[in-house]
Every structure is written in C-alpha cells, then in structure tokens.
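Sequences are here, hints too, so could you generate the full structure?
Protein sequences, first through last, are from chains A and B.
Heads up, the first sequence is in the UniProt record's numbering, so the first residue is 1 and it goes up one at a time.
Heads up, the second sequence is in the UniProt record's numbering, so the first residue is 1 and it goes up one at a time.
Honestly, the hints are just simulated from the structure, not real lab data.
All values reported here derive from a predicted model rather than from experimental measurement.
Some hints could be false.
What follows is a list of derived Cβ distance ranges for each label pair [claimed, not checked]: (1) A:Ser293 <-> B:Asn147: 38 to 48 Å; (2) B:Pro5 <-> A:Ile30: 33 to 43 Å; (3) B:Lys108 <-> A:Leu90: 50 to 60 Å; (4) A:Gly82 <-> B:Leu50: 52 to 62 Å; (5) B:Ala35 <-> A:His188: 26 to 36 Å.
Computed list of lysine-lysine pairs in DSSO-like fashion (alpha-carbon distance at most 30 Å, straight line) [claimed, not checked]: (6) A:Lys141 <-> B:Lys202; (7) B:Lys105 <-> B:Lys116; (8) B:Lys433 <-> B:Lys401; (9) B:Lys118 <-> B:Lys202; (10) A:Lys17 <-> B:Lys6; (11) B:Lys433 <-> B:Lys408.
Note that beta-carbon positions come from the ideal geometry of N, C-alpha and C, so glycine has one too.
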Amino acid sequence: MSYLEYTVKRVPSGASKILYLNWPLLVLVIAAAAVGFVMLYSVAGGSMTPWAEPQMKRFALGVALMLFVAMVPIWFWRNVSGLAYWLSILLLIGVEFMGAIGMGAQRWIEIGSFRLQPSEVTKITLVMLLAAYYDWLDIRKVSRPLWVLIPVVLIMIPTFLVLRQPDLGTALLLVMGGGLVMFIAGVHWLYFAGVFAAGGGVITAVIWSRGTSWQLLKDYQFRRIDTFLNPESDPLGAGYHITQSKIALGSGGFSGRGFMQGTQSRLNFLPEKHTDFIFTTLAEEFGFIGGISLLAIYALIIVFCVISAMGNQNRYGAILTLGIATTFFLFFAVNMSMVMGLAPVVGVPLPLVSYGGSAMLVLLIAFGLTQSAHIHRPRIRA
Amino acid sequence: MKRTPKDTEASARVVSRRGLILGGGMAAFSAVLTARMRYMQVEQADQFRLLADENRINIRLVPPSRGLIFDRAGVILADNEQNYRVVLVREDAGNVEDVLARLQKIIKLPEEELEKVKEEIDRRSPFVPVTVADRLSWKAFSEIAVNAPALPGVTPEVGQSRIYPLDEDFAHIVGYVGPVSDYDLTEGYLADDDDPLLQIPKFQVGKTGVEAKREHDLRGQAGTRRIEVNAQGRVMRELDRVEGRSGQDIRLTVDSALQNYLQVRLGDESASAVVMNVETGDLLAIGSAPSFDPNKFVRGISVADYRALLEDDHRPLANKSVQGAYPPGSTFKMVTALAALEDGVIEPDEEVYCPGYKELGRRRFHCWKRWGHGDLALVNALEQSCDVYFYDIAERVGIEKITAMARKLGLGIRHDLPVSAVVGGLTPTKAWKRENRDADWLIGDTLNAGIGQGFVLTSPLQLAVMTARIASGRQVEPRLVRSIEAQDEAPAPPPLDINPAHLQFIREGMYSVVNSGSGTARGSRVVAEGLRMAGKTGTSQVRNITAAERARGVTRNEDLPWERRDHALFVSYAPADAPKLACSVVVEHGGGGSLAAAPIARDILLQALYGGTPPLEAYPTSQRGTIRTRQKDLPLRDPSSFTEGRSRA
Chain A
1 MSYLEYTVKR VPSGASKILY LNWPLLVLVI AAAAVGFVML YSVAGGSMTP
51 WAEPQMKRFA LGVALMLFVA MVPIWFWRNV SGLAYWLSIL LLIGVEFMGA
101 IGMGAQRWIE IGSFRLQPSE VTKITLVMLL AAYYDWLDIR KVSRPLWVLI
151 PVVLIMIPTF LVLRQPDLGT ALLLVMGGGL VMFIAGVHWL YFAGVFAAGG
201 GVITAVIWSR GTSWQLLKDY QFRRIDTFLN PESDPLGAGY HITQSKIALG
251 SGGFSGRGFM QGTQSRLNFL PEKHTDFIFT TLAEEFGFIG GISLLAIYAL
301 IIVFCVISAM GNQNRYGAIL TLGIATTFFL FFAVNMSMVM GLAPVVGVPL
351 PLVSYGGSAM LVLLIAFGLT QSAHIHRPRI RA
Chain B
1 MKRTPKDTEA SARVVSRRGL ILGGGMAAFS AVLTARMRYM QVEQADQFRL
51 LADENRINIR LVPPSRGLIF DRAGVILADN EQNYRVVLVR EDAGNVEDVL
101 ARLQKIIKLP EEELEKVKEE IDRRSPFVPV TVADRLSWKA FSEIAVNAPA
151 LPGVTPEVGQ SRIYPLDEDF AHIVGYVGPV SDYDLTEGYL ADDDDPLLQI
201 PKFQVGKTGV EAKREHDLRG QAGTRRIEVN AQGRVMRELD RVEGRSGQDI
251 RLTVDSALQN YLQVRLGDES ASAVVMNVET GDLLAIGSAP SFDPNKFVRG
301 ISVADYRALL EDDHRPLANK SVQGAYPPGS TFKMVTALAA LEDGVIEPDE
351 EVYCPGYKEL GRRRFHCWKR WGHGDLALVN ALEQSCDVYF YDIAERVGIE
401 KITAMARKLG LGIRHDLPVS AVVGGLTPTK AWKRENRDAD WLIGDTLNAG
451 IGQGFVLTSP LQLAVMTARI ASGRQVEPRL VRSIEAQDEA PAPPPLDINP
501 AHLQFIREGM YSVVNSGSGT ARGSRVVAEG LRMAGKTGTS QVRNITAAER
551 ARGVTRNEDL PWERRDHALF VSYAPADAPK LACSVVVEHG GGGSLAAAPI
601 ARDILLQALY GGTPPLEAYP TSQRGTIRTR QKDLPLRDPS SFTEGRSRA
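In structure tokens form, the structure reads like this:
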C-alpha cells in the first residue's frame, strides 16, 4: 500500500532480486556463523558431533529461509506484522500451558521434533509490530502521551509473559529492544529520561522488596545479582560461572592458546561452553585477536544495517532494519558483557555463534527481513 | 494512510538521525567491550594465566609406604598389604543417596556402617574423598571399576593397610595404627606435627605401642603428584611425580617364638612377664595377658567388641608389663639386703632372730610364718623369705638408702621404651611422703617398704631390670628396638656401683630360694645341670584380710573373691652359674608367688634357653607327667608363622 505512494523509479522483481541483496551483510552473517562452527568443533574436542554438524544443517536451513523472506516484498511483511505479534503472544501463553519444563523454566514448545522457543520469536515480532505501528502513525503524534502509551503496552504484554516463565534475560532484551525502537521512531527524549529515572526507582524497589512477602524477583535471580556484584564471594557456587569464565578469557592473552588448546574449556571448567559461554572459549583459544575479530564482524553487521536503513525512505523498512540491528546488538553486547564479568549471568546466547536452534533460525529470518527491506526499498532517483 | 512527501522526508530525517545516535551508542559500547577485553587479555593476562594453571593443576600427596616392624630374627610383625577401597567425592556424586544405593548393589554395606559413611560425607568438604568401603575383594573392586559411569564421584583406589600377622602376640608392644583423629592433631602426640600427610582423611598413624612411639621413623615422607584435573576434579593426566621416602623399618629385640610361648603360657590369667638378656638388656619377650587382636582396631572395631575389651576385669587393653605398678612384695628383699650390706649395718653372716613378728612400739609386724624362723643369716633369710629379718635390717639402714639402692637397681625409674604408658613406679622417700601424703615418714613405713609393701610400686619390666642387674652386676638398660635398619651392638654396660661380693651373697640367696630344701620356690627348680635357675618369690597384698573376715574364718587367699586375692610375683635368672636371661612374672590376684608365678617363669626361661620346647629331663622327676601334658596342650603357633619376613630392596 504505502509503498506505492512513493515515486518509484524501479523496484527489482523476479529472480533479479538476488542481485540487489545486501551482499556485505549476507557475507558477514555467514562469517559469524562460520566462527561458530569452528568453535563448536573445538569445544566438542575436535569433533563435528554433537554440535558443529547439526548447527551447520540448521544454518543452511536458516539461510534458505532468510533468502525466501528476503524475496518476499517488504510490504507483505509490514501487513502481517500485527498477526505475527499476536501469534507469538499466543505461543507465549501456550508455553504456560503445554510448555516443557527445561532448566527450571518453561521456555519452549515441542512441535514435532522441533523445539520452538516463543520468546525468541517474540523479540523479532515485537520489533516488526512496533515498526508497523510507527509506519502507520502520523509522525506528528509520535510523542503524544496516548500514542506513547500504546507501544509501551505492546512491549509490556510479551515482557510480562516472558517474566512469568521466568526468563529475566529475554524480558530485559524485550524491554530494551522495544524501547530502542521507540527511540528510533523519534519519541521525545524526555520520555527516555523519565524511564531512566523510574528505572532507578524500580531497582531500588526490587532491592528493598528482597525478603519481604511482595518480593519482586525469585531468590535465584537475587543471588545472580549478588554474585554479579561480587563473584569472588562464592567462587565454587553461584559465582563459579563468572569466575571461571573470566579466568579462561583472561588466560587467552593477546594471541590465545591456539585452536583446540584452551585448557579451561577443554577441562570442563567452563559451564555451558557450547552455548552462552562460547565466546570465552573463542577468547581463550584465539586471544584478544580472535575476540576482537568477532566483535568487528558484529560491528560491521550493525554498520551495514544502519547504512541500509539510512538509505531507506520507507519508514517501516528503516525502523525495522534499525530495530533488528539493535536487537542483534543487544544479544552480543549482553552476552559479551556477561562472559567478561560486566553483566550478571542472564542466559543470553551469542548470536549466530552459540549452539541453539530457534535462536539462530529467528535471527536469520530477521536478517531476511532486513534484506527484504533493502531489496524493496523505494528508489526515488535513479 | 496517506503521507505527504514532506512528511516522508521529515520521517526519514528523524529515523536517520536517531539511527546515527543509536549507532554511535552501539559503537561506544563496543569500544567499552574492546577495552575490557584488552584489559583482561593483555594487561591482566599473566594473572589469569596463573589462575588458569592453578585451576588445572592439583598437587596430590602420595602417601609413603609405612616402615615394617620385624622381630630380632627378621620375622615380620607389622606388614603392609594391598587394600582395595572405594572413595566418594560428594560434589562429583551429585545425588549421594542415589549413588550409594547403586553402590550397595555391588558391595553390601551393613546399615550401621552406611550411616557412618553418610555422616562422614556430610561432615567433610564437598571435594574431599571419603572412604566408603575398605578391604574389597578383587571381584567387587573390578565390578566397581567397570560400572564407573553409573557411579559418578566414586573412585576405586589401591592403597596400603596395616596388618599384624602375629595378631595377639604383639598387640601391646607393636600396638596398632588407626585413622588420625582431631584429638591427635590438637592435643595428642601429633599436635606439633605439621606433616601435610596428616591432613589426608583417615590417614593411618600409630595409636599405641611402637607404632605410635616410632611414628616419625615409620611414617616416611610424602611424595607429590602434580595432576591435571578438570572442574569435576577428575584426573585427566599426571604431569609429574616426586617420589616420597618410605618409612624406616624397625627391628625389635623380641624373639617372636618366645613371645608367642610367653603369651600362650600366661593364658587366661591377668598376668604379665618380661624376659631380658642380663648383659645387653635386650627384651626377648615382653607380654601381657589377656591380649587382643590389633587387626580389629585397624579395620575399625565394632562397638560391641570394644565394649567387651573395656569391660573385661582382666583389662586386656592394658600393657601390664610396663604399665602395671604392683607392690613388689618379697621380690624387693634383695634391694633391702643390698642397701644394708653396702651401708655396713649388717654382715652377711650376722644372724637375726625371728620370733614370727617384730614389735615396733605397740605395733606388731608379722612374719608370714607365724611361729617364726628362729636365727637366720642373709642367705637363709632370702631362701625362706623371712620378713622379720628384713624388717630388722630395713630399720637399721633407713628408707633413704633403701630407695637409693632400689633406683640403682632400676626400680622407681621410668625406663625409656618405645611403648605406650610406661610407668615409673614408686620408690618412696621421706620427702615424697611429706609432699604427697602430707604426713611424716614413720619407722613402720620403712619396715613395710623393706619387704616390698606399703608405698613401693614396681612394674614387671622394672623387676626384670633389677634381676638382670643383680645377675650380671652391670647397669643394664632394657632395650626393645634392636636397630633401625642398621645393625648395631651396644657396648656392654658399665658395672654397678655395688660391691661384687655383696651381689654374690644375694645371688647365693636367690639360688637357694629355688634349689635348697627349704627354698620358697623349690617346686619350680630346674634339674638340668648348667641351666639351674635362681629367683625370688613375692606375694603382694592387694588388701589386708580384715579382722571381721578373719573372724568369719577367711584366712586363706582362695577364700577371697578374685579381685581381692594377692598378686603373685616371681623374679628369676638363669643359668644360675653363668646368668644369661632374667625373667619376671606377675600374676594378678594369682595367690602366692611360689605357686602361681614361679612355674611360669621356669617354663619361659627353659623355653628361651633351649630355643624351643625343653626336654622333660630339665624338670624334677615328680613333675614330668604334668609338664608333659601341659607341653602338649599349649596352643602354640605353628613354627612356620615365624619364617623370616621378606626384606625390602
């Protein structure tokens, strides 16, 4: 609809769309995933099983899905944004009832042999919905209180559901991701200042609530905060993960211990070494050089997304691209902060690298959306 | 909805601006991450590398093998045997209950023991290995090894444990080992010992006897093993190993065959005996009956068994030969006589009249022979053990000189032997009584002391030393450890500071005790020429027979309950003309020394002199029948038990 309102010179169609893909972005995504394969091979002790091979297969499937999504015009995706959002909300409610119990928290639904984690899906559908909302909204009304309240409610619904699972990490990502999309759309900065002030108040309230009958977080969440603030207080208990991760990461040094030579990962000092803590293994085996290389790949992915968005006159496409880039950023920023001891252990995987099915598929589909936005962007001048 | 181109442009501008701001924020945060990474991996890398190595490398102690204990001929008394056991580490096991239940299917542990193990597991730090079961069969051991994947945290181990092949015979001397206790480390004899080996749970240390007294020689030095472990503490590989030093072997002076004979001969009596070389002081046998099996203590004695040992009125746990302090009775008379002779208050041939008692003020001191011995000189007084004679000379010479002589002969002195609870006994002085009893010394005390009653207390070991010194005329010291790994023969001890002629009179008296017609131990004489025995009987009162009891007709020992009967003592040496061995025997509540103690001493000495069962010809004709039966019935150990132990390379 809205697409046709622009003065369009030429929009690629048919198979030629392939040529208009955001190629650097695609190459960078593949590069990041390749780093993941190498690391999964390494943490398995030099074996394709049990992680590297399934991960490759899923990545292949994911890339196929990404290209398919990219080929579908962006306006189609804009039109199904609301549907996608409410569907993911339904799935979130679904895990409440029929979700399997895993790791003490209900997070996924079994669909055949595939494990779907609705909270992963929600991270993207929320960005889609918000982008569609701001595309629809008159830009003059963006900062009016009522029109600010609506997206806040749309963010809070899945956040609340995710918190009930309970998955603090994803809830935080949803709030931050959603909030940043509102920021991108141009909501007045005073609102954000207000939120920061309120956030401070909430943190105080959470701390005060500890030990009372209206305690706002679960005990283990409080303990995680404790150990984050002082991991040495319990080096073999709750602080174990952080301490071991820091040791492994730091001992990598400038150039690392060498591929498959990471003693800490090899000797099982690292927990979750193939998922949340995979960056530690990378940093141990390839050192500062290896770590910064991956960080550079990630940064370039963001850069190409921002460039693509800035050259996109389509409000939905631009906001969506920036929103997805932001979500992606939040993933790796939180994960890296966690393994480096800058943030508490919240269970956020390293995007494209960590072993895991639905997270990677969802992310690749999201990149498919940015590709679609890129291909189908309005070309005002030749 | 419609949007004007102007709006579109405005919107794009806003999005671009906000996108750039956001991008800048992301870039800034990425810079923070980079800085953090650089800080950890470049600036602090060495520190983390060190921590990583500590994570990876564990130093474990390798317990040395404990020194062995041999008898004088090399027969092994304390050995180490291979011991298969399983240990459990709580933090690796996860669900301890589950793992133990699975383990139960392979090795059946008694319920009581299982509870003990669970308690121990709870008490220890989660990473400390706790021994679940010990002394497993090879079959059970290999079954556990095979099933290791189903038993997380459970590790089969091969260790060494102590075994005492001659069990009861050396329970008191060699002692036993047991797991080091908190008491040992805080107040016990290991309080100043900072050997890291002691931190190993259930590390075996000597608890009593030579095992405890020579702990430092026997223990050896720990080796170390640097191993690479993973976070579960599982050993990945050994990096290197520093060998420790095995404990030193110890060779005792004891002859295990003689020791066995002694223990068996004492039988069920509450008794003890010591056999000593009169020239070198080597203790050839030093036994206490009844005994117990030290192996039970090593394996962990059951409460019931332990209580039985504690409650036995014959006190099997006590090493009576060094720990028992008895009034020496008449065996002390040699001391009184020597003190008087040396002081010159009596001549050897000077006679004293015995009317059956000695009057002191209004008190009468009785002789054991109520109608008296008549006129007696020294040799006859010893032979018949006349109390009045010794009352008389004791009064003349005084307590201080008697006590000085007693100490010269090795009484009242704590002899330094590497066994537990060696007592010093008591040889009283006036000052001692003043201090300890808050009373003045009385002449009556001197008279009592003169016949080995009253305050005087001696152990069987001290009596043997005394006898050996009288027999050899030398200051022999008892010796239990022959050498530690090396051979050494001590030079002959210096002669006693006593007139040899006086000693000769005493020896004559002791010879008469056994061999003359009216000697108190005539029944225990040896008739084999050249092996004749000399000795002295002693009977020490546990308590006086009260007037009330006397009125009831109780005059004889046998009429009293066991625990109030007299102790029977006998000291002896042989051969009489060329003394080689001294022997003391104390039978608690045995009655008279001549009947209860002397025959035992004779049997033991003959056994030692012949190096085996003595021929019946050594005994008086009339006794040979009884002796033959006894020789046949004694449940001695098979001689093959005493074959020489393997020597260590």
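Results of checking the hints against the structure:
no.: 1; hint: A:Ser293 <-> B:Asn147: 38 to 48 Å; verdict: holds (46 Å)
no.: 2; hint: B:Pro5 <-> A:Ile30: 33 to 43 Å; verdict: holds (38 Å)
no.: 3; hint: B:Lys108 <-> A:Leu90: 50 to 60 Å; verdict: holds (57 Å)
no.: 4; hint: A:Gly82 <-> B:Leu50: 52 to 62 Å; verdict: holds (56 Å)
no.: 5; hint: B:Ala35 <-> A:His188: 26 to 36 Å; verdict: holds (32 Å)
no.: 6; hint: A:Lys141 <-> B:Lys202; verdict: violated (78 Å)
no.: 7; hint: B:Lys105 <-> B:Lys116; verdict: holds (18 Å)
no.: 8; hint: B:Lys433 <-> B:Lys401; verdict: holds (15 Å)
no.: 9; hint: B:Lys118 <-> B:Lys202; verdict: holds (15 Å)
no.: 10; hint: A:Lys17 <-> B:Lys6; verdict: holds (29 Å)
no.: 11; hint: B:Lys433 <-> B:Lys408; verdict: holds (20 Å)
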